[in-house]
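Build the full structure now, drawing on both the sequences and the hints.
Same order as they appear, the protein sequences are chains P and F. If you count the first sequence from 1, position 115 lands on 343 in our numbering, and the numbers rise without skipping. If you count the second sequence from 1, position 171 lands on 205 in our numbering, and the numbers rise without skipping.
Incorrect hints may have been included.
[As the list claims (entries may be wrong)] To give an idea of the interface, some chain P residues facing chain F are shown, with a C-beta separation under 7 angstroms as derived from the structure:
| id | residue |
| --- | --- |
| 1 | 327 |
| 2 | 328 |
| 3 | 330 |
[To be verified] Take a look, some chain F residues computed to stay more than 12 angstroms from chain P by CB distance:
| id | residue |
| --- | --- |
| 4 | 124 |
| 5 | 141 |
| 6 | 220 |
It should be emphasised that the hints constitute simulated quantities derived from the structure, not laboratory data. Backbone N, C-alpha and C fix where the C-beta goes; we use that ideal spot for every residue, glycine too.
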Amino acid sequence: MMSSPIVVKHLTKTFRGTRSSGPVLALDAVNLIVEKGTCMAVVGESGSGKTTLGRIIVGLESADSGTVAVGGRLVSGRATRRERQRRSSQIQMVFQDPQSSLNRRLPVRVAIDEVLRIHSTLGAGPRAERCTELFEQVGLEARHLDALPSELSGGQRQRVAIARALAASPSVIVLDESVAALDVTVQAQILDLLTRLRQEQGLTYLFITHDLTVVQQIADNVVVMRKGAIVERGPTADVLGAPQHPYTQLLLECAPRPGWKPQRGVIRALRDESEKL
Amino acid sequence: MMARIFDRMGVLGCIAIGFIGIVLLAALFAPWIAPFDPTVGSVTQRYLGSSAVHLLGTDQAGRDIFSRLLWGARSSLTGPIIVVVVTAIFGTGIALIAVWWGGLVDAGLSRVLDLLFAFPNLLLAMLAIAVFGPSLTTAALALAIAYIPYTARVIRSQAMRERNLPYIRSPQLQGISGTVITMRHLMPNIAPLIITGATINFGFAMIELAALSFLGLGVQPPEADWGLMISNGQQSLLNGYPAESILAGLCIVITVASLGYVGERLGGRAAAGRKA
Numbered sequence: 229m230m231s232s233p234i235v236v237k238h239l240t241k242t243f244r245g246t247r248s249s250g251p252v253l254a255l256d257a258v259n260l261i262v263e264k265g266t267c268m269a270v271v272g273e274s275g276s277g278k279t280t281l282g283r284i285i286v287g288l289e290s291a292d293s294g295t296v297a298v299g300g301r302l303v304s305g306r307a308t309r310r311e312r313q314r315r316s317s318q319i320q321m322v323f324q325d326p327q328s329s330l331n332r333r334l335p336v337r338v339a340i341d342e343v344l345r346i347h348s349t350l351g352a353g354p355r356a357e358r359c360t361e362l363f364e365q366v367g368l369e370a371r372h373l374d375a376l377p378s379e380l381s382g383g384q385r386q387r388v389a390i391a392r393a394l395a396a397s398p399s400v401i402v403l404d405e406s407v408a409a410l411d412v413t414v415q416a417q418i419l420d421l422l423t424r425l426r427q428e429q430g431l432t433y434l435f436i437t438h439d440l441t442v443v444q445q446i447a448d449n450v451v452v453m454r455k456g457a458i459v460e461r462g463p464t465a466d467v468l469g470a471p472q473h474p475y476t477q478l479l480l481e482c483a484p485r486p487g488w489k490p491q492r493g494v495i496r497a498l499r500d501e502s503e504k505l
Numbered sequence: 035m036m037a038r039i040f041d042r043m044g045v046l047g048c049i050a051i052g053f054i055g056i057v058l059l060a061a062l063f064a065p066w067i068a069p070f071d072p073t074v075g076s077v078t079q080r081y082l083g084s085s086a087v088h089l090l091g092t093d094q095a096g097r098d099i100f101s102r103l104l105w106g107a108r109s110s111l112t113g114p115i116i117v118v119v120v121t122a123i124f125g126t127g128i129a130l131i132a133v134w135w136g137g138l139v140d141a142g143l144s145r146v147l148d149l150l151f152a153f154p155n156l157l158l159a160m161l162a163i164a165v166f167g168p169s170l171t172t173a174a175l176a177l178a179i180a181y182i183p184y185t186a187r188v189i190r191s192q193a194m195r196e197r198n199l200p201y202i203r204s205p206q207l208q209g210i211s212g213t214v215i216t217m218r219h220l221m222p223n224i225a226p227l228i229i230t231g232a233t234i235n236f237g238f239a240m241i242e243l244a245a246l247s248f249l250g251l252g253v254q255p256p257e258a259d260w261g262l263m264i265s266n267g268q269q270s271l272l273n274g275y276p277a278e279s280i281l282a283g284l285c286i287v288i289t290v291a292s293l294g295y296v297g298e299r300l301g302g303r304a305a306a307g308r309k310a
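Structure below.
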């Protein structure tokens, strides 16, 4: 039997923090399994540890204890270059800010091409063809390949970042707030694109976000994180429809929606209750 | 093209660039423009005032001041160029190595730089000159070593910030080598800072090299050099002939001020350009 694409066991990470804050527990014995072909959303407020979780899973940071296995192989934050190369054909990351995720001085083609160069033995001609192909997959045109990032819109830049992630033909993609910097209409387009790509290529997503509307649109399952620990998990419809944990209820209560008026009393009561746990 | 330069530099900036251009041309074409040999004078021609033959008069050795200023532009520019180039190469190199390897390497290099910081620039230069003998090259190289920590520190902090941005992190996750990422992605994005730093350093180097020449530790007489001319002119100054010192000083001030202004304009743009 194939193991699940992402298996996180007892992951713990503490940051030294500032003198006034003292050490910060970013992850507190987190367990997480993401099944093949599904999209798992990780939600929580800033500082809940969700981004740290994503960074450790792709190997940008190392944990204090616990293990991460991607595609059955352990991930280490101190991997050799060869190991990183091998791992990147398994798992890729799309970052939050499409502005800074591309080198502003080079045409976007370079970003895709350098990945292909690492992951294939293709010559320059076939690589260029593959670049065009990848661009078409993410809804860009071949003429965009030679544009500088500044000549593209935020949504287009994020599409380039997705194309770069796909270039290594990974089976897992970690999306760290990948639509947070885009406006709502563009957000919807990118989410559609991501869903389509997932269905076509059988990809597995770990989608890190604070935006519950986004979760509803893309995720099969959700985990809710607070202060480094997972406080609630389950299928999206269940968690968002009938939240059990007061913190999840608080998040839902605080999410702006049409006709929404902040119920200060309710929010305060939920906050107090979740603080107690 | 001209409009773009004007946009970027403003009126003062264009005047500054004009001055720098004149100094560069003077340095390049000194052998052809200069009406007299800058090192040969005549006792019968001492302390002449300005005339059609000697545009700016002569010094106490009867040498043509105009010719000496033109030739002086050469050593006054080559010295700082050596300083700036050496500083930029090693400063950037050290900074990038520290940033890329991080951890112990970064800590070690930073401590070495701190140590160099503790030495006053001119003192370090004089130490080198005491060991290797006075010459323009020694003075320039010694100053370069003194400047490296400044450049390295500025570039290190900028590169540190860039390193954490996704456009660097992403290729790193792909397993692309550090050298490739540094050269292809990191370097071009900190290049504006390197250039600005070099422009500003140029001005400082010019003043400090002039100071060394003034002290007799840089360019050696009878060669022409602005710093040396100020020091030669000291005696004439007391004798009531201030032309040599004042003119050479003026050349230094105008060049340094122009470079400083252009550097500030470039720096301002580079800093603002990041947010555009």
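Tested hints:
Restraint check, residue 327 of chain P versus chain F: the minimum CB separation of about 9 angstroms is more than 7 angstroms; hint violated. For the restraint placing residue 328 of chain P at the interface with chain F, the shortest Cβ-Cβ distance is roughly 4 angstroms, inside the 7 angstroms limit, so the hint holds. The interface hint given for residue 330 of chain P holds, since its Cβ lies 5 angstroms from the closest Cβ of chain F, which is under the 7 angstroms cut-off. In this structure residue 124 of chain F is separated from chain P by more than 12 angstroms, as the shortest Cβ-Cβ distance comes to about 24 angstroms.
Consistency note on residue 141 of chain F: stated as away from chain P, and its beta-carbon is indeed over 12 angstroms from all of that chain's, at 16 angstroms minimum. Non-interface call for residue 220 of chain F relative to chain P: violated, since the shortest CB-CB distance, roughly 9 angstroms, does not exceed 12 angstroms.
In this structure, the hints that do not hold are numbers 1, 6, in rising order.
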